[in-house]
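In case you want the letters, here they are:
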Amino acid sequence: MSQNTMNLKVKVWRQKNANAQGAFVTYDVAGISDEMSFLEMMDILNERLITEGGDPVAFDHDCREGICGMCSMYINGKPHGPWQANTTCQLHMRAFKDGETIVIEPWRANSFPIVKDLTVDRSAFDRIIQAGGYISVNTGNAVDGNSLPIEKQNADDAFAAAMCIGCGACVAACKNSSAMLFLSAKVSHLALLPQGAPERKSRVLNMVAQMDKEGFGSCTNTGACEATCPKEISIANIARLNKEYLGASLSAE
Amino acid sequence: MLDAKIPSGNLDDKWVDYKGHCKLVNPANKRKMEVIIVGTGLAGASAAASMAELGYKVKAFCFQDSPRRAHSIAAQGGINAAKNYQNDGDSIFRLFYDTIKGGDYRSREANVHRLAEVSTNIIDQCVAQGVPFAREYGGLLSNRSFGGTQVQRTFYAAGQTGQQLLIGAYQALERQVALGNVTMHTRHEMLDIVKIDGKAKGIIARNLITGELEKHFGHAVLICSGGYGNVYYLSTNAMGSNVTAAWKAHKQGAYFANPCFTQIHPTCIPVSGDHQSKLTLMSESLRNDGRIWVPKNVGETRKANDIPEAERDYFLERRYPAFGNLVPRDVASRAAKERCDAGFGVGTSKQAVYLDYAAAIERYGKIEVSKQGLSNVSSEQIIAMGKEVVKEKYGNLFNMYSKITGENPYEVPMRIYPAVHYTMGGLWVDYELQTTVPGLYALGEANFSDHGANRLGASALMQGLADGYFVAPYTVGNNLADEIYNAAIPTSHPAFEEAAKKVAERIASLKNINGKQSAESFHKRLGKIIWNECGMSRNEAGLKQAIADLQALKKEFWSDLRIPGEINEYNPELDKANRVADFIELGELMCVDALAREESCGGHFREEYQTPEGEALRDDEKFMYVAAWENKGAHEWQLHKEALKYDVIKPSQRNYK
Numbered sequence: 050m051s052q053n054t055m056n057l058k059v060k061v062w063r064q065k066n067a068n069a070q071g072a073f074v075t076y077d078v079a080g081i082s083d084e085m086s087f088l089e090m091m092d093i094l095n096e097r098l099i100t101e102g103g104d105p106v107a108f109d110h111d112c113r114e115g116i117c118g119m120c121s122m123y124i125n126g127k128p129h130g131p132w133q134a135n136t137t138c139q140l141h142m143r144a145f146k147d148g149e150t151i152v153i154e155p156w157r158a159n160s161f162p163i164v165k166d167l168t169v170d171r172s173a174f175d176r177i178i179q180a181g182g183y184i185s186v187n188t189g190n191a192v193d194g195n196s197l198p199i200e201k202q203n204a205d206d207a208f209a210a211a212m213c214i215g216c217g218a219c220v221a222a223c224k225n226s227s228a229m230l231f232l233s234a235k236v237s238h239l240a241l242l243p244q245g246a247p248e249r250k251s252r253v254l255n256m257v258a259q260m261d262k263e264g265f266g267s268c269t270n271t272g273a274c275e276a277t278c279p280k281e282i283s284i285a286n287i288a289r290l291n292k293e294y295l296g297a298s299l300s301a302e
Numbered sequence: 108m109l110d111a112k113i114p115s116g117n118l119d120d121k122w123v124d125y126k127g128h129c130k131l132v133n134p135a136n137k138r139k140m141e142v143i144i145v146g147t148g149l150a151g152a153s154a155a156a157s158m159a160e161l162g163y164k165v166k167a168f169c170f171q172d173s174p175r176r177a178h179s180i181a182a183q184g185g186i187n188a189a190k191n192y193q194n195d196g197d198s199i200f201r202l203f204y205d206t207i208k209g210g211d212y213r214s215r216e217a218n219v220h221r222l223a224e225v226s227t228n229i230i231d232q233c234v235a236q237g238v239p240f241a242r243e244y245g246g247l248l249s250n251r252s253f254g255g256t257q258v259q260r261t262f263y264a265a266g267q268t269g270q271q272l273l274i275g276a277y278q279a280l281e282r283q284v285a286l287g288n289v290t291m292h293t294r295h296e297m298l299d300i301v302k303i304d305g306k307a308k309g310i311i312a313r314n315l316i317t318g319e320l321e322k323h324f325g326h327a328v329l330i331c332s333g334g335y336g337n338v339y340y341l342s343t344n345a346m347g348s349n350v351t352a353a354w355k356a357h358k359q360g361a362y363f364a365n366p367c368f369t370q371i372h373p374t375c376i377p378v379s380g381d382h383q384s385k386l387t388l389m390s391e392s393l394r395n396d397g398r399i400w401v402p403k404n405v406g407e408t409r410k411a412n413d414i415p416e417a418e419r420d421y422f423l424e425r426r427y428p429a430f431g432n433l434v435p436r437d438v439a440s441r442a443a444k445e446r447c448d449a450g451f452g453v454g455t456s457k458q459a460v461y462l463d464y465a466a467a468i469e470r471y472g473k474i475e476v477s478k479q480g481l482s483n484v485s486s487e488q489i490i491a492m493g494k495e496v497v498k499e500k501y502g503n504l505f506n507m508y509s510k511i512t513g514e515n516p517y518e519v520p521m522r523i524y525p526a527v528h529y530t531m532g533g534l535w536v537d538y539e540l541q542t543t544v545p546g547l548y549a550l551g552e553a554n555f556s557d558h559g560a561n562r563l564g565a566s567a568l569m570q571g572l573a574d575g576y577f578v579a580p581y582t583v584g585n586n587l588a589d590e591i592y593n594a595a596i597p598t599s600h601p602a603f604e605e606a607a608k609k610v611a612e613r614i615a616s617l618k619n620i621n622g623k624q625s626a627e628s629f630h631k632r633l634g635k636i637i638w639n640e641c642g643m644s645r646n647e648a649g650l651k652q653a654i655a656d657l658q659a660l661k662k663e664f665w666s667d668l669r670i671p672g673e674i675n676e677y678n679p680e681l682d683k684a685n686r687v688a689d690f691i692e693l694g695e696l697m698c699v700d701a702l703a704r705e706e707s708c709g710g711h712f713r714e715e716y717q718t719p720e721g722e723a724l725r726d727d728e729k730f731m732y733v734a735a736w737e738n739k740g741a742h743e744w745q746l747h748k749e750a751l752k753y754d755v756i757k758p759s760q761r762n763y764k
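Going down the list, the sequences are from chains S and Z.
Per our numbering, the first sequence runs over residues 50 to 302.
Per our numbering, the second sequence runs over residues 108 to 764.
Just chain S, same shape as in the assembly (with noise of 0.2 Å):
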């Protein structure tokens, strides 16, 4: 529990807005313990460029505590840094040697925009998820919630599935900027559950269909998605996504 601290340098991509140009610049950061998270050092940069007068750095954030899925920034070449099944947020200062150089930057997709510095624009999710990633069932029309036994092994799978924080970090780890990772988790939760199955085949191909409308790229098996996932949303299910996706098509009108 002791603390040690450390001075770093952090290279921190700045852009003033959407349209602008954006650059890296670089700053020295110094007195940084261990025990604090990445966000803490961000803050602690940020103090000091507000009272010399300067311009924070935008990021996202808001929970601070790994399920929110707000925060994005890539680090060192990695969506959310070099932890293993972790968000931005959770990663702490010791993942880091004194003197280091590290580098930020926002995620990098044409289908999300940046907004400011290392913000950007993930709505595409949201628009997904709109053209069908949910159950149509109104308020009030519920049946008894032990009235329909759902296999254990099902059940553990959906929940694993919908662990997803939709925080894209799938989108930016991948050389195609595909969503598929992100897609494939809501299919499969809500395919796996006899709750979704009414709407099973028009819910893929509507929600395919969304997602290439908004110019996300498309799979070739890389698997870097799983790997820098924080949730730990396995690649299978892009394949079940792919076979609910054929068998919808193989039998839709």
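In short, the hints are calculated from the structure, not lab data.
On a predicted model such as this, the values are computed, not experimentally measured, just so you know.
Here a beta-carbon is modelled for each residue, glycine too, at the ideal position from N, C-alpha and C.
Check before you lean on any hint, since a few could be wrong.
[What the hints assert, rightly or not] Covered stretches of chain S, as calculated for chain Z (at least 3 residues, CB under 8 Å): (1) 173-182; (2) 186-196; (3) 237-243.
[Claimed, not checked] Here chain S is said to cover these stretches of chain Z; the calculated rule only asks that three of the stretch's residues, wherever they fall, bring their Cβ under 8 Å from a Cβ of chain S: (4) 621-628; (5) 664-674.
[To be verified] From the structure, some residues in chain S lie toward chain Z, with a derived Cβ separation under 10 Å: (6) ARG63; (7) THR100; (8) GLY103; (9) ARG113; (10) GLN139; (11) ILE214.
Chain Z: place on chain S using the hints.
The following block gives chain Z in isolation, referenced to the frame of chain S:
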């Protein structure tokens, strides 16, 4: 005295009768009615989806980049419902009773009973939406226990129950967006309520990307913006969670009720240093199996695992044998503070206690051995099997702990300390969830209504969804039925122009201070004042000092704040400054309320009022009321009281021994 408009009749019949007799709006008229919903957590998203399904035109607002990110998502442990699937004696009455008792007899019977009634519908609704709750091998829903109860009524999805419930509500909301029934405004912050003829008729919202101020009309406005725990700076709330929408409503005439009722959660990861930006909760579900202890010796220097059993003080089991480690949150937090203040704390800061899983690991290991019918098993094998079971139940929480602290909780006890987690206080609402401003409603954590002076675990999710799915659609409709003759008001109306002008002026004056200190640095100082004087324990002298300090802080804020960047652009520092300004004012009201309430109850512990054993000492004669504060200008509030009548339950001193 305030009138909560509680329907007459037997407690069991009130809500059924209300629903049977409330006014309805026919489908053709619903299409013409516009409803504004601020916040898209469990309360907001469920209300937006349900109101849109009914046919109202809904406009929803959130400050995050997507409604799916609201802080309800971080709730870990579970959601209560009186299903009695475990056949262990649960019922609507028992959930109602536990909630009233847990709240230390400072909540409203009729509201809490309604909450218990609709709790069962919530589970059904969520299952129908595809929320993947934990299940048993037979395929049926699984339950666990939580603090302050003796039955197993908590439904859960590993340690991510809030996430799964919110995703369910979010998907229902996005479905309505796709159908054109909801217009979703992300990255927007509500900065004022627009009132016309005394009624709430719309809002002024700032587009956080462009800085532009927008005017939105609504026949009704629903505030679903969550609690105000971030007034303490360090809390388990998300960084963006704020009181601004609720505070603007308060400034426009909505009374603010019981602001001093705040919840300090006993099991959080302790503060590690001044750099700390937020605190992380370790779910209350961990108290199901973990044992909480401190060393029996002051100034103990040995490592936790080297301290023999006989020299450990399991202080919750010692003080509260009937409930043990599962006492309510306020009781557990105070007991931990008492031990640390007495010098028994652990870790470098000495502001922590141990949460130990060694006994649970061994117990589960032995169960596995007998399940598998093994014999001649070594103790190492038992421990290994036990760890697997614990991993399945709590793996994600243990991972989170080790990421933050760098320690392995399977091997050494976790260190925990209480932290601000939830606020029971909020906008005063009547039975219909309507504030003192007609047409303005508050749902979920933003209102004060159901948890009294202390909330029981797994009840926040229940209340948010109860309000949004099952209460507001009826009660808001009952009032909208009278609005069908009133056409939508164009936002060119002078009231909108005037409100927008005032908001623009305030933003400009904040920006023009051009001082030296950041909003963040003011927020940290605010947090320290409130935590020290209006935190886990309060006293008269401290509260008076805090009020003076906060007034001075407010002055300094308005003369030395620096906001970088421009007004008409994406400017998170400007957003933060706006929120901190409101938090400082709220902090003062919290202290005013805590000072006026000369008793201890639930999360509000006044040092002057305690039993010889150090338990909270209520004063039912003088303080069995809701304190609802009306804003009367800078630093001035008038107290209005709503008497609490207990027709069914007889208040007594809470006893968890």
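Going through the hints against the structure:
With a threshold of 8 Å between beta carbons, the proposed coverage of the segment 173-182 of chain S by chain Z holds, since 6 of its residues qualify and at least three are required. Given as covered by chain Z, the segment 186-196 of chain S passes the check, having 10 residues with a CB less than 8 Å from a CB of that chain where 3 are the minimum. Coverage of the segment 237-243 of chain S by chain Z holds [criterion: at least 3 residues with CB-CB distance below 8 Å; count 3]. Taking a C-beta to C-beta cut-off of 8 Å, the segment 621-628 of chain Z contributes 5 residues in contact with chain S, enough for the three needed, and the coverage statement holds.
Interface restraint, the segment 664-674 of chain Z with chain S: holds (3 residues with C-beta to C-beta distance below 8 Å; minimum three). The beta carbon of ARG63(S) comes no nearer than 13 Å to any beta carbon in chain Z, farther than 10 Å, and the hint placing it at the interface is violated. Interface restraint check: THR100(S) against chain Z, minimum CB-CB distance 7 Å, threshold 10 Å, status holds. Contact between GLY103(S) and chain Z, as hinted, is supported at the beta carbon level, the nearest pair being about 7 Å apart and thus within 10 Å.
Hint status for ARG113(S) relative to chain Z: holds, with the closest Cβ pair at about 5 Å, below 10 Å. Because the beta carbon of GLN139(S) sits about 5 Å from the nearest beta carbon in chain Z, less than 10 Å, this interface hint is met. Among the interface hints, the one on ILE214(S) holds; its C-beta lies about 8 Å from the nearest C-beta in chain Z, closer than the 10 Å criterion.
Consistency note: the structure conflicts with earlier hint 6 alone.
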